[in-house]
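J.: All chains, please: the whole structure from these sequences, using the hints.
Here is how the chains run, residue by residue.
There are 2 protein chains.
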Amino acid sequence: MDDDKFFAIALEEAKKGFHDGGVPIGAVLVSKDGQILGKGCNKRVQEGSVTKHGEMSALEASSPGTSLPPPAAVYKGATMYSTLLPCVMCTGACLLYGIGRVVYGSGADQNLKFDTVKILESYGVETVCVGNRESEEMMARWVRENPERYGREPWAEG
Amino acid sequence: MDDDKFFAIALEEAKKGFHDGGVPIGAVLVSKDGQILGKGCNKRVQEGSVTKHGEMSALEASSPGTSLPPPAAVYKGATMYSTLLPCVMCTGACLLYGIGRVVYGSGADQNLKFDTVKILESYGVETVCVGNRESEEMMARWVRENPERYGREPWAEG
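Residue numbers (full-length UniProt numbering), protein chains in the order written: chain E, 1 to 158; chain F, 1 to 158.
There's no promise every hint is true.
[Claimed, not checked] Partner residues are not named here, just some residues of chain F that face chain E (Cβ under 8 Å, in silico):
#: 1; residue: 44
#: 2; residue: 51
#: 3; residue: 64
#: 4; residue: 65
#: 5; residue: 67
#: 6; residue: 72
#: 7; residue: 89
#: 8; residue: 100
#: 9; residue: 154
Derived from the structure by calculation, the hints contain no laboratory data. Think of the CB as a built atom: it goes at the ideal place given N, C-alpha and C, for glycine as much as any other residue.
T.: Encoded structure:
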């Protein structure tokens, strides 16, 4: 099934991020007709960015960097694949662009204050958890090995 | 009052964006103790970015670009000043970082599908509309003068 194929690409992005010492979360954005619009990983460590989560990097990668980003219609009904459940910022980004489905590997390590599955579904976005242990374990390992970095994340603040 | 002072800085950012041909929306993020954490404007045109709205640019500017962004505590209770009401993506970003107040110039040109004032307030974020006509008019002028660019925005899709 295509979901497996695209999720594997998100996982590949997460692994690249992990390899570079970054937060191991990857994402790929796929249009309604199956075209990859963009992919990327969390750049919090690599670029010191507070906004470039995996999903945001995938969205950014969907633009050619010219003065005119793709028309909004390109994103309508697209699927966002992410190795971990999107946070509330990435949820907002998905809603803004009319993403129709969010397929994620695991909801572990989610900020419990924001039930993003519920938020997405309340706006008609389908959510699918594929239950990927590798994403979960990679994240858990990163947290263990980077306590100082993890301590600066909004999640760690409870 | 400090709100006026900081809102004026956001407006200055919006004007810079307008001057460069960009979507004229500016923002400044101010910590609970009155320090400017970051400021910026929408970079959709200038950088072809689909994620760099004014508020996201202000958040990005809050990072020194090193490997460790500021701890989440820095953002807790901060105020986001934006010349126009934050969209649902920027609303999510404010929620992620525990922003306590959102002060905006006008709610005109907002995507009506997402009542971001209601969303912000449902999570305890105070919202204040200062009723700034200049922000509103600058945006209206940009839309009139850039129909092709505006037509690609998610707002224009209805």
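J.: Hint by hint, note whether the structure agrees.
T.: Hints, verified against the model:
1. Checking residue 44 of chain F against chain E: minimum C-beta separation of about 6 Å stays under 8 Å; hint holds.
2. About 5 Å separates the beta-carbon of residue 51 of chain F from the nearest beta-carbon of chain E, less than 8 Å, and the hint is met.
3. A least Cβ separation of about 7 Å between residue 64 of chain F and chain E falls short of the 8 Å threshold, and the interface hint therefore holds.
4. Here the hint on residue 65 of chain F is kept, as its CB sits about 5 Å from the closest CB of chain E, short of 8 Å.
5. About 5 Å separates the beta-carbon of residue 67 of chain F from the nearest beta-carbon of chain E, less than 8 Å, and the hint is met.
6. Look at residue 72 of chain F: its Cβ gets to within about 4 Å of chain E, closer than 8 Å, so that hint holds up.
7. With a least beta-carbon distance of about 4 Å to chain E, the hint placing residue 89 of chain F at the interface is held under the 8 Å criterion.
8. Given the 8 Å rule on beta carbons, the hint for residue 100 of chain F is violated: about 14 Å separates it from the nearest Cβ of chain E.
9. Contact between residue 154 of chain F and chain E, as hinted, is supported at the beta carbon level, the nearest pair being about 4 Å apart and thus within 8 Å.
The structure fails to meet hint 8 from the earlier list, while all remaining hints are met.
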